[in-house]
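Residue strings, one per chain:
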Amino acid sequence: MTAVAVVCGALALVDFAAHWDASATTLGKPAMPSSLVAQGQSLFESSCAACHGIAAQGIRGRAPSLRGVGALAADFYLETGRMPLPSSRVQPLRTSPAFPQSKIKALIAYVASFGGPEISVVHPRQGSLAEGQRLFGLDCAGCHTIQGQGGIVTGAIVPSLNQATPTQIGEAIRIGPYVMPRFSEGELSTAEVDSLARYIQSIQHPDNLGGWGIGRIGPIPEGMVAWLLAAAALLLIARLLGERTREDAGSPRQMGGDR
Amino acid sequence: MSRIWKAIVMFVMWRTGGLRRHPTATARDPSERHTGAPAWAERLVALLLLLIPIAAVVFVALFTLHPNTQLLGLALGVTLALLAAALVLAGRWLVPQETKVEQRPQLADPEMTQQVREQAAAGMEGVTRRRLLTGAAGAAGAGLTAAVVIPVVALGPGLEEQLRRTPWRTGRALVDEQGNPILATDVIERSFLTAFPQHADEEDLGSPVVVVRVDPMTLKLPPERAGWAPEGILAYSKICTHAACAISLFRDPLSPSTESKGPALVCPCHYSTFDVLDGGSVEFGPAGRPLPQLPLKIDAAGVLRAAGPMSGPVGPSWWGDPS
Amino acid sequence: MSGAHQHAKDPVTFVDERLGAARGLRFLMDYVFPDDWSFLLGEIALYSFIVLILTGTFLALFFDPDTTPVLYHGSYQALQGQSVSGAYASTLHISFNVSGGLLARQIHHWAALVFVAAITLHLLRIVFTGAFRKPRDINYFIGVTLLALAILEGFAGYSLPDDLLSGMGLAIAWGVAMSLPLIGGPFATALWGGRFPGSTAFESRLFIAHVFLLPAIIGGLIAVHLAIIMRQRHSQFPGPGRREDNVVGTPMWPGYALRSLGLFAAVAAVLVLMGGLIQINPVWLWGPYHPYIGTNGAQPDWYLGWLIGALRLMPNLEIHAFGHTLVPNPFFGGVLFPGLLFGLLYALPWLDRRFISRDYRRHDLLERPRDNPRRSALAAAVLSAVTVVFAAGSADRLFFQFGFGYEGAVWFFRGAFLLVPVLVFVLTKRVCEQLGRERSYPLRGWSGTVVQRNSRGGFEATPDGDLLSPPEASPESSASRL
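Listed in order, the protein sequences are those of chains A, B and C.
Mapping to this note's numbering: the first sequence position 72 is 72, numbers consecutive.
Each position in the second sequence, counted from 1, maps to that position plus 259 in this note's numbering.
Each position in the third sequence, counted from 1, maps to that position plus 582 in this note's numbering.
There could be a bad hint or two in this list.
[Stated by the list, open to error] No farther apart than 20 Å at their CA atoms in a straight line, the calculated lysine to aspartate or glutamate pairs in the EDC-like style are these: (1) B:Lys556 x B:Glu490; (2) B:Lys265 x C:Asp953; (3) B:Lys520 x B:Asp534; (4) B:Lys359 x C:Asp827; (5) C:Lys716 x C:Asp941; (6) C:Lys716 x C:Asp612; (7) B:Lys556 x B:Glu448; (8) C:Lys1011 x C:Glu949; (9) B:Lys359 x C:Asp941; (10) B:Lys556 x B:Asp435; (11) C:Lys716 x B:Asp368; (12) B:Lys265 x C:Glu1015; (13) B:Lys520 x C:Glu949; (14) B:Lys359 x B:Glu291; (15) B:Lys359 x B:Glu384; (16) B:Lys556 x B:Asp474; (17) C:Lys716 x C:Asp953; (18) B:Lys520 x B:Asp537; (19) C:Lys716 x C:Glu826; (20) B:Lys479 x B:Glu490; (21) B:Lys359 x C:Glu826.
Don't read these hints as lab results, they were simulated from the structure.
Chain A on its own, in the form it takes in the complex:
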């Protein structure tokens, strides 16, 4: 609930900032949002501009332009800790956010001041679980695995979705971060994104009816359990059962005495 509240708050703020910025270039900026944008700009210049350029126009061979990516992309990359990156040669992966919430809000406000889509609004509860399962199988499982545990693609790692929030899911679908494809409204409607988020929430809280879930990625952990647990236990049992005659008839210690 608090997450939703924060997101809504941030959204209202950014919405406000973006609209103001678009229409207020001649009128002069109002105190609060413009101060937020200004704060974001100075933060951007110190933390992001080295790669994305001093005015977010991008630097060829280093990082893309952020003009027009909007609050949506800024929120996604900052909230999942994917930005800032230590080097433009590494894949951005999820970590804890590098900035506190107030600074993230300021950066989002600054990036949104160039225009672009707003932070996604996703309502998993309005989605259909079965539709989400079907769409996830069709569009997402190839990379993320059907249980959202992540995997690989040649050239990159596919992150697990265990920590993805509905908002971030909605944003990633529209952005296509790193090498992930993106999906238009025509391909995945807002309602379908709600369903996907609902399905992903369900796999984040699996029921594991069969017992210990061992990662829900199928045969690899199953094989490890079969060998390291079952086969090891049975070998131990066999060792205990089969040991007797060694002690009686073939005992090295007794025979040592004979020597």
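Position chains B and C relative to chain A; hints supplied.
Leaving out everything else, chains B and C in the frame of chain A:
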């Protein structure tokens, strides 16, 4: 170096029990027999056996009243573990402990072997043209084998039709999983969607295609495929040419300036990677053939349609497959 | 007369008077089992098989081998209204609505994994101790055949529920079947009843193969396997009083029978506990299969991990001639590699007679791995090659966890496949030779002299030569000393 080597050997010997002395071969008869069970063992085995019906009743009660998988497994597992403990303890402590020596049977009796060989040879007594008969029998066997195998291989010619057919025809519209036509405007750059021929069986291997859009300037299609990708929209068979898995990964760098590799379709089974820009050629992985491409056109209503048949056979190759 | 009346009440008399079975019973009760824990590996496989038969029978009472699409309206929420096959729907029904159904499914699957694992360990014991030599070569062939059949049987079972993973597995199986030389296309098409995913008859064929044909053949071969063992008696490790012409150990009655039944109960207990407590193949989480969907890093059960590894490691070679494909790529990893491995296994007794041990005699005393360094080194090298390929099959997952690139991993494993067996061969051979030389005096073998009491009661240093060729250097010499 030699010290390390000795350490390795020592470790292996320790693990394999090689450090214990090995029994010398003695002529001593190893037979022995001990009887007389300790009283505690009898009581323990009896106790274990008495616990079994209790555990079994718990299992039955759970089965009828509350069949929870974990509780059922625990109850039945404990029952069996009690049984195992009782049997092993009984085997090792209650009954006489015995080591016996048994003579190993001699398997072959040379005299009998000789007799049987002679008897077998006698079956051919009086037959003079043995070589001819052997040859004739061989011919009979070969004929029978051929009679069975050739019809199977003869399935070949008709087979080609069966294994290569796809429902794609010129003008056939591309639809999504629900049967809705796909508009060119739905396919944005860096998007990835699965399409099927309108009114065709979605489960047919020849049906599913992957539709992606790239910047037309980056395309490297061969000249004869020049018009196959209107507005940079490409369609490839979704079935891997290696082993028929669905190509369900699309890797498309957001920022081509920083991520060196270009857009590619990847199979999740063995990670065959197909370059979408130059007609589905194999970039990495075991696939031996490019992905078949479906030529596209955009009709007046903006709907994507096939502009011709697939560029090659869909799915894995087979021996004799014309390719 | 009254005595006969009394006797008729005891079971031995009852059976003997009707079947004349006393001789056979006596043979069974007297049968001697040499005691060694490694001899129990085959028994673990046998008991897993019995658990498989019991749970499999239960499952077959509820499973519906039908691939006709139905709209799912069972108790599982995430698939409501989706189009699934009858087979998949009935697997969900077994898992959620049949009392003990999920337990039976999970026990069955764990038992399958343990069954093949136990056969593999048993095979390794046989190979490394030379137990495949005359007169056991025929029985060894049966055992290798059983391993192949067990893998096939496991794959058939894995494929039945028609979930996402089993469907992807069958797609690969189709690709491999198509790649068979000469007959590939017609064979695969005939087996599947058309192009993959095939006609509805294919699921019935798979079902009959899994619940009747393969288990019947496996059961029959197990019976022959055991009958041959009992005809020849068990092999045994050298030890006091143990010779080529005798068997020393515990008789079946009563000690061994109780312990072996105890092992059966223990195997069953482990499998039931795992079936109840550890989730395996949760097909409801995988969802149904359609030929146009896939999940990342799909894997087969462990016993086919070496085949997916081979398929993944193989470079993209296909042989074409005169405008026709001759050898499609899956042939190399999916047919040639397992064909070579099983060919090597079948040829082992001959290779050993002819090239490794150069010994055509009958052997009932086993060798320890160190006693035959060449054979042990060869076996370890082959095992290491298979292990490298096996590891390559799950490399994507390992590299996901540790963050390496996949292409680099594939090249790493290709190199390891060529290099590791050579290293393992050399290393194993040296370790075996060293162990054989150091023999029972590893601690004293490094330095100093060995002092022994001589026949006159004094002490004398043993010459080095004695240490290098101790009396039990080979089973033959120990037998001849006796």
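Here is how each hint holds up against the structure:
no.: 1; hint: B:Lys556 x B:Glu490; result: 9 Å, holds
no.: 2; hint: B:Lys265 x C:Asp953; result: 19 Å, holds
no.: 3; hint: B:Lys520 x B:Asp534; result: 10 Å, holds
no.: 4; hint: B:Lys359 x C:Asp827; result: 14 Å, holds
no.: 5; hint: C:Lys716 x C:Asp941; result: 10 Å, holds
no.: 6; hint: C:Lys716 x C:Asp612; result: 24 Å, violated
no.: 7; hint: B:Lys556 x B:Glu448; result: 17 Å, holds
no.: 8; hint: C:Lys1011 x C:Glu949; result: 15 Å, holds
no.: 9; hint: B:Lys359 x C:Asp941; result: 30 Å, violated
no.: 10; hint: B:Lys556 x B:Asp435; result: 16 Å, holds
no.: 11; hint: C:Lys716 x B:Asp368; result: 16 Å, holds
no.: 12; hint: B:Lys265 x C:Glu1015; result: 12 Å, holds
no.: 13; hint: B:Lys520 x C:Glu949; result: 55 Å, violated
no.: 14; hint: B:Lys359 x B:Glu291; result: 7 Å, holds
no.: 15; hint: B:Lys359 x B:Glu384; result: 49 Å, violated
no.: 16; hint: B:Lys556 x B:Asp474; result: 16 Å, holds
no.: 17; hint: C:Lys716 x C:Asp953; result: 17 Å, holds
no.: 18; hint: B:Lys520 x B:Asp537; result: 13 Å, holds
no.: 19; hint: C:Lys716 x C:Glu826; result: 12 Å, holds
no.: 20; hint: B:Lys479 x B:Glu490; result: 14 Å, holds
no.: 21; hint: B:Lys359 x C:Glu826; result: 15 Å, holds
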